[in-house]
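Taken in sequence, the protein lines are chains A and B.
Residues in the first sequence are numbered consecutively from 8, following my numbering.
Residues in the second sequence are numbered consecutively from 8, following my numbering.
In case anyone wonders, no lab produced these hints; they're calculated from the structure.
Just so you know, these numbers come straight off a predicted model, no measurement behind them.
A couple of the hints might just be wrong.
A pair counts as met if it fits within one copy or between any two copies, since identical chains are not told apart.
To be verified - Straight-line Cα separation of at most 30 Å, DSBU-like style, residue types lysine-lysine; simulated pairs:
#, residue 1, residue 2
1, Lys94, Lys158
2, Lys94, Lys257
3, Lys158, Lys257
4, Lys159, Lys25
5, Lys23, Lys136
Protein chains: 2
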Amino acid sequence: MCTKNPVIVIHGGCGKYKEDFQEICLLLVKEAALQAYRRSQQGGTALDMVEEASMFLENDPHFNAGCGAVLNECGEVELDAFIMDGKNLNAGAVAAVRNIANPTKLARLIMEQTKHVMLSDRGASRFAKAVGFPEVPMESLITERSRERLKKNLAAVDSQIEHETIGAVALDTAGNVACATSTGGLSNTLMGRIGDTPCIGSGGYADNLSGAVSTTGTGEAIMKITLARLITFNMERGMSPAEAADTGLKCLWTRLQNTAGVIVVNNAGDWAAKFTTDNMPWAAVAGGKLYYGIALGEVRTSPIEDICQ
Amino acid sequence: MCTKNPVIVIHGGCGKYKEDFQEICLLLVKEAALQAYRRSQQGGTALDMVEEASMFLENDPHFNAGCGAVLNECGEVELDAFIMDGKNLNAGAVAAVRNIANPTKLARLIMEQTKHVMLSDRGASRFAKAVGFPEVPMESLITERSRERLKKNLAAVDSQIEHETIGAVALDTAGNVACATSTGGLSNTLMGRIGDTPCIGSGGYADNLSGAVSTTGTGEAIMKITLARLITFNMERGMSPAEAADTGLKCLWTRLQNTAGVIVVNNAGDWAAKFTTDNMPWAAVAGGKLYYGIALGEVRTSPIEDICQ
């Protein structure tokens with residue numbers, strides 16, 4: 008066990024994952040959790056932890072965030088990302104931004120360097136240029152797999168697609184919670200579509216008075232019940248992260264016959280990773296242990312003493 | 008009294024209104040309420056009522072919505088609008104859209120003709136073109152007053168600015184609730200800034216199981232507590248519209264030392280128009296009467312039998 012007790016929970020998007028894709032995605036979310044944990048061991052805050060994990064997964068082409076993001080109707084990458092600091096309710100978001108490899112980092116800059124919460128499209132690019140944030144050619148974010156997915160137009164034919172949105176929630180040693188969520192949206196969306204991810208209270212929410220949440224699924228359904236905020240409301244009313252997550256997912260099914268996945272941590276360090284799809288790769292570090300899984304009901308553990316020394 | 012009992016409540020934005028501006032804004036929100044009421048008398052739904060009122064106020068240059076919207080840092084009009092149907096939780100929004108005179112109508116088309124909730128900037132324009140929605144020269148939306156406001160850079164020097172965002176909530180004769188909110192944002196914002204208005208649960212929310220809300224104020228603060236959703240949550244828990252409005256505004260002050268205004272109707276037809284700024288022009292039609300006011304605590308009434316016959 009390390010001296011303090013930070014908690015980090017990661018998801019790599021809910022959906023139905025093919026066999027050969029499951030192992031690599033699980034490996035990657037485990038590594039993201041460990042990296043975020045190491046960051047906390049070096050004094051990183053909850054905000055640093057969720058940013059670290061998000062950037063790691065944005066940089067990996069297996070996830071629908073940063074490099075590897077799905078393509079809109081025009082074959083373009085447009086990215087949404089959100090970050091929130093539970094200490095003061097500060098939040099930052101980018102929506103439909105192009106040519107950015109790490110939208111979560113840009114969202115954090117918007118939070119820290121402007122009076123605003125969300126910048127979109129041309130305005131987000133203009134801000135990136137103004138602060139010297141690196142822009143990249145769109146081609147560098149597009150993978151062969153993304154092109155194939157657009158061709159197959161998965162969004163139109165399969166309701167339980169692989170979303171692969173990524174997200175993180177954390178509690179740091181000072182008792183602050185934070186969340187981050189990052190996505191390329193759904194394949195073949197209309198240009199300029201903004202989903203749940205950058206929409207505060209839908210794709211994520213963080214408040215030290217309750218806890219932090221990151222969601223994944225069909226954005227439009229998640230938005231209609233403001234899923235992340237619903238979960239924190241229920242935690243404010245005394246529910247545990249697991250109860251609040253289950254209640255939120257049940258509401259999504261009852262009201263809209265839709266499925267999703269969520270990760271939750273509360274301000275006491277209790278946490279949950281829940282989903283109503285077949286799969287969601289997730290990993291958590293809590294109490295000196297690594298927890299992870301990808302199928303319904305699956306919880307595996309391994310010790311992590313080695314990295315705490 | 009008319010045969011059924013629809014309810015409509017309108018706001019014209021919270022803030023500190025100059026004397027000479029108060030009377031005209033109050034007159035206009037009264038007229039917007041009456042127009043929406045007439046629409047209901049002709050069989051219009053709650054959605055039709057809030058759309059009617061929003062378009063009327065968007066077309067009037069006195070409000071910061073549609074024509075008369077404030078200008079961003081580049082001297083441009085970028086509009087945000089939101090509409091939501093409490094019957095099925097369907098919602099539509101445009102964010103940072105240009106060259107559109109009635110963004111609320113475009114938001115409704117997004118809700119009704121796409122699988123999405125929100126389209127932004129270039130994507131919203133592309134959708135408008137695709138469906139033949141009229142685009143207008145930006146100049147036609149800019150008023151001399153908007154130019155002067157940008158010069159004075161009001162946003163930076165006065166925390167209690169005239170927001171003049173417009174909004175409407177309604178209950179129709181079938182028991183459905185709806186909300187709409189429309190704004191040009193804050194003067195001198197960064198390009199592409201998205202505020203609370205199009206963000207579901209922040210600028211508005213509507214659910215037949217509780218009621219409908221539209222908010223006005225500094226978007227970034229409203230977003231951090233998802234003010235509209237907070238109010239519907241509290242109505243779900245049994246609070247009246249007035250109690251839920253007061254509780255939401257109190258939370259905004261306690262957590263973020265910020266002020267705002269809200270209009271609320273519940274599914275039983277109880278309604279409230281509350282604000283913590285000096286002024287908010289508002290008007291309501293309920294129980295065959297017109298109610299209106301602009302100062303704190305002010306509630307005036309007049310009969311409206313004449314229009315129901």
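Hint check:
no.: 1; hint: Lys94 with Lys158; in the structure: neither (44 Å within a copy, 35 Å between copies)
no.: 2; hint: Lys94 with Lys257; in the structure: both (29 Å within a copy, 19 Å between copies)
no.: 3; hint: Lys158 with Lys257; in the structure: neither (33 Å within a copy, 51 Å between copies)
no.: 4; hint: Lys159 with Lys25; in the structure: within (16 Å within a copy, 58 Å between copies)
no.: 5; hint: Lys23 with Lys136; in the structure: neither (38 Å within a copy, 36 Å between copies)
Hint violations for this structure: numbers 1, 3, 5, all remaining hints satisfied.
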